[in-house]
Amino acid sequence: MPEQLYWEDIEVGTEITPLAKIATTQMLVRWAGASGDFNPLHYDNAYVESAGLGQVIVHGALKRQWLIQLMTDWIGEQGTLKKFSCQYGAMDYPRHMKSISEPQAGETWYCKGKVTRKYLEGEQHLVDCRIGLENGKGEVTTSGKATVILPVKSV
Amino acid sequence: MIPEEIKKLIGASGPVQYYEVEKGAIRRFAEAVDDANPLYQDAAYARKSRYGSIIAPPGFFGWPQKQARGSPLAVDIPPELESAFEQAGYPLSLVLDGGMEYEFFLPVRAGDILAAVTTVRNLRERSSETGSIIVSFLDTVYHNQTGALVAKQQLMFVRRSLDQPPKETDNA
Chain A
1 MPEQLYWEDI EVGTEITPLA KIATTQMLVR WAGASGDFNP LHYDNAYVES
51 AGLGQVIVHG ALKRQWLIQL MTDWIGEQGT LKKFSCQYGA MDYPRHMKSI
101 SEPQAGETWY CKGKVTRKYL EGEQHLVDCR IGLENGKGEV TTSGKATVIL
151 PVKSV
Chain B
1001 MIPEEIKKLI GASGPVQYYE VEKGAIRRFA EAVDDANPLY QDAAYARKSR
1051 YGSIIAPPGF FGWPQKQARG SPLAVDIPPE LESAFEQAGY PLSLVLDGGM
1101 EYEFFLPVRA GDILAAVTTV RNLRERSSET GSIIVSFLDT VYHNQTGALV
1151 AKQQLMFVRR SLDQPPKETD NA
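Residue numbers (our numbering), protein chains in the order written: chain A, 1 to 155; chain B, 1001 to 1172.
It should be emphasised that the hints constitute simulated quantities derived from the structure, not laboratory data.
Possibly wrong hints are sitting among the right ones.
[What the hints assert, rightly or not] Just a few of them, taken from the derived set where beta-carbon distance is under 8 angstroms, the chain B residues facing chain A:
(1) Glu1031
(2) Asp1035
(3) Asn1037
(4) Arg1050
(5) Pro1064
(6) Ala1074
(7) Glu1082
(8) Glu1086
(9) Asp1097
(10) Gly1098
(11) Gly1111
(12) Ala1115
(13) Phe1137
(14) Val1141
[Unchecked claim] To give a feel for the contact side, a few chain B residues facing chain A, derived at Cβ under 8 angstroms:
(15) Tyr1018
(16) Asp1034
(17) Ser1049
(18) Gly1059
(19) Met1100
(20) Glu1101
Where a beta carbon is used, it is the ideal one built from N, C-alpha and C, also for glycine.
Construct the entire structure; sequences and hints are all you get.
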């Protein structure tokens, strides 16, 4: 676990530690089972073709959960995610598998973010962030916002 | 124009859905994301943390039990709205997740029983060259077994009328 982040450590403009992710067809199947989203758009090539799309697409909800992990990793155990939102701007396509456990070479995604506001509300030390998911070409395919409560060093 | 039988459901709520938050389901959910946070799977670690027990990642509300109730999608949608969409020619096969908003009030813990109620806050028609797209704004409120408010959720749920394949500019 990384060191705990404190409210005093950050300023407007501070970058959130990026989180790298690799979507694979295997991960999409795991996500389908774990989340209960069995839309064949995410695993069935013939269905995807009949729906007029080129290839299976990454679940929006999985990308959302990646961005939630970006925040929970960054704020650490003493931080609390208070608000979160995201919208989907473009589709993402998973890597295929090379072996039973290894993906083919290809795209890596990065969850990123920046602090946009730091403020006090009642007793809570809050931080607003702008966040997004970048595909292998550096294009933002999912964007959002988050508000977190951070602990303070001084008592 | 949004068909009247759909439009009249603005403000309507579905029945209370109960979701039992299982430890194994939390672990599989975290594994599917590749999130190794010990708070989600290591009972001894979680006990010593400020939470005192295993918690779920924010955004996990007892899935995948929605699917077990008959829908192939993990979406909180009032049954009345679902059947109105089907009857008006907006089949479940042509849906896309447009976006999500959460406000978290309490952690979700392994063993919790969550009660979820979903309300149709608004419906909006989006112009498209191929026909009708309706965006549903669905608000879900989760309470736990002690009656405490756990989270509020706002889902943007995009539906197309028949013969409109999803487009590259959308997402799911």
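Hint-by-hint comparison with the structure:
With a least beta-carbon distance of about 7 angstroms to chain A, the hint placing B/Glu1031 at the interface is held under the 8 angstroms criterion. Hint status for B/Asp1035 relative to chain A: holds, with the closest Cβ pair at about 5 angstroms, below 8 angstroms. The beta carbon of B/Asn1037 comes within 7 angstroms of a beta carbon in chain A, closer than 8 angstroms, and the hint placing it at the interface holds. A least Cβ separation of about 7 angstroms between B/Arg1050 and chain A falls short of the 8 angstroms threshold, and the interface hint therefore holds.
The restraint placing B/Pro1064 at the interface with chain A holds, with a minimum CB-CB distance near 3 angstroms, inside the 8 angstroms limit. Of the supplied interface hints, the one on B/Ala1074 holds, with its beta-carbon coming within about 4 angstroms of a beta-carbon of chain A, less than 8 angstroms. The beta carbon of B/Glu1082 is not positioned within 8 angstroms of any beta carbon in chain A (closest approach about 15 angstroms), and the interface hint is therefore violated. Interface hint at B/Glu1086: violated, since its Cβ lies 16 angstroms from the closest Cβ of chain A, which is beyond the 8 angstroms cut-off.
The criterion of a C-beta within 8 angstroms of any C-beta in chain A is met by B/Asp1097, whose closest approach is roughly 4 angstroms, and the hint holds. Among the interface hints, the one on B/Gly1098 holds; its C-beta lies about 7 angstroms from the nearest C-beta in chain A, closer than the 8 angstroms criterion. A cut of 8 angstroms between beta carbons decides the hint on B/Gly1111: the least distance to chain A is about 18 angstroms, and the hint is violated. For B/Ala1115, the interface hint is violated, since its Cβ never comes within 8 angstroms of a Cβ in chain A; the closest pair sits about 18 angstroms apart.
Below 8 angstroms, beta-carbon pairs count as interface contacts, and B/Phe1137 has none with chain A, the closest being about 13 angstroms; its hint is therefore violated. With its C-beta approaching chain A no nearer than about 15 angstroms, B/Val1141 sits outside the 8 angstroms limit, and its interface hint is violated. The interface hint given for B/Tyr1018 is violated, since its Cβ lies 15 angstroms from the closest Cβ of chain A, which is over the 8 angstroms cut-off. Annotation: interface hint on B/Asp1034 holds; nearest CB of chain A at approximately 7 angstroms, less than 8 angstroms.
For B/Ser1049, the interface hint holds, the least distance from its beta-carbon to any beta-carbon of chain A being 6 angstroms, beneath 8 angstroms. Annotation: B/Gly1059 was flagged as interfacial toward chain A, and the flag holds, the nearest CB pair being 5 angstroms apart, inside 8 angstroms. For B/Met1100, the interface hint holds, the least distance from its beta-carbon to any beta-carbon of chain A being 6 angstroms, beneath 8 angstroms. Nearest Cβ of chain A to the Cβ of B/Glu1101: about 4 angstroms, under the 8 angstroms cut. The hint holds.
In the structure shown, a violation is registered for the earlier hints numbered 7, 8, 11, 12, 13, 14 and 15, in ascending order.
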